[in-house]
Amino acid sequence: MSTVVMTSGFKIVSSEELTKIRNEGSAPEVDTSSLFHDDIAPWAISSSREADEILSAIDKQGFSEACQEYGVQKSQAFPCTFWVKVAGTVAAVDTSSRVGKIKLSSGDKNVEILIGPVIPDTALRDGYPEIDYSDFGNQDAFANLSEALNREAISLVDEVEEITPGDRVSAVGAFSTWGGVEDTLQIVPVELNRVNAE
Amino acid sequence: MKMTSMQLLNRFASTATLSAMVAVAGVGSAQAQGDVDLSDDGEKGNIAILVNSLDNPYYSAEATAAEARAEELGYAASTFSHNEDLNRQRDLITSVVGQGVDGIVLDNADSSASVAAVRYATERDVPVVLINREIPEDGIAIAQLTHNNNQAASQVAQAFIEKVGESGKYVELTCNLADNNCVARSNAYHRILDQYPDLEMVARQDAGGELVKARQSMQSILQSHPDIVGVIAGNGPVALGAISALESAGMDDVTVVGIDGSNDERDAVLDGQLYATSMLQAQELARQGVNQLHQYLETGETGESERQLFRSILITEDNAESVNNFEYKDN
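These protein sequence lines are chains P and A, in that order. For the first sequence, counting from 1, position 160 maps to 160 in the working numbering; every step adds exactly one. For the second sequence, counting from 1, position 244 maps to 1244 in the working numbering; every step adds exactly one.
Bear in mind the hints are in silico, worked out from the structure with no lab data behind them. Every residue, glycine too, gets a C-beta built ideally from N, C-alpha and C. Worth double-checking, as some hints may not be accurate.
Claimed, not checked - Okay, the calculated bits of chain A under chain P, using three or more residues with CB under 8 Å as the criterion: (1) 1090 to 1104; (2) 1138 to 1150; (3) 1182 to 1188.
Working from the sequences, and respecting the hints, build out all of it.
Structure (structure tokens):
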């Protein structure tokens, strides 16, 4: 196989080579657990609004104005992130995909709390105003931070006693959007509680 | 109507030939003599725009947009191609600085190795705005504007999973691992896909960002792995090369995704050959680069952070009609 590759003018990239390439460059050391628990979560909990209030503002004021008043958008490169409080009865816990979700019966919109093990979202990083791409200087380090913050969110979910349909839960989290909400509000949690477990 | 693999290659060849003619007309004669002539001075001064090969539609769009914006602002603009050759880049920068250029917009030849060339200009009070490719040092260029490659690849990876599901064998063809943007894209792909243990990458090759190499790579990979469900490509030409090889092999049920968003990719999406791509806003990035250089020349500062990311836009059959020459028109 390698002979074919050499004579064809392209090259195979071994896993070792790619790992070396990936590890080039430096990035600031960040204690993501502390960042998540000591900075982002308290700030988000105090800054968050009821989801219905945000959705109503988007409907009435338009997306741009609502984003300016209630959201965080660091530049045109990022979606607008809103920090919301949601509460409702669990309609389903969907783990059929690795993008697991708790689906809530709550208001007009479908609300889904992302629980992992995959969270394909950068809302926690992009919605916290103190985190700036300029402080990182390379895109991989910036992306790694987002992934690490999502792992903290998954750990937070894992610490909650098993949630099943019919439970009542409340959560605070971030949802990001480029232009409003269609059918479903997906949030990445920084706080999750079973209300009826207390 | 779907394009055949030969039509894909022929169209690419036509584009390359045309672009090469443009490069010769605009750049080649001066460079062939080892000299570079700036345009006559504009009302505001003179800006040099240095990009990679003008054969590539991305760089061509970038250069054209930068030049148009500079002229709108009152500058005389001269575009040069370094063809990813560090020596040529150094010679070009030395030459335009020597001729008294007021500022440089540079899509550099190599992220790390271009630091010295940028420093050469700035130490002679010629401000440099970097577009598309960053350098690993801060405080030398006045601005570094780049596409959010992680966002681009992440959204394409998610679209890929939505199409192929969470299991199956796939291939990665990277664009050019000497380019940090390509490395960032590959990393971002894997940041998503590697979280799905039943998605198995059976082969990865660096296709150098080129259609023909990608086609060759794909053809050889298919001999060993005829049962793949998808291909993730590091850029547009590589995706089109993979499609060409799959077409030749009669495999039209393999999902191919890429990143760039050229008109060729747009057409392949509309033809159903390319499932998704992410369009880089090359023209807007270039215009903003010129705007910030202008702001700096006028006021001594850009008013922005040095490092700035630009959003890329996921393109599927639902919105592919909005793509034109790396510009998105959402009507």
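How the hints compare with the structure:
With 0 residues having a Cβ less than 8 Å from any Cβ of chain P, the segment 1090 to 1104 of chain A misses the three-residue criterion, and the hint is violated. Figure legend: the segment 1138 to 1150 of chain A, annotated as covered by chain P; annotation consistent (5 residues with Cβ-Cβ distances under 8 Å, at least 3 required). Under the rule that three or more residues need a Cβ within less than 8 Å of chain P, the assignment of the segment 1182 to 1188 of chain A holds, with 5 such residues.
The structure does not agree with numbered hint 1 stated previously, though it agrees with all others.
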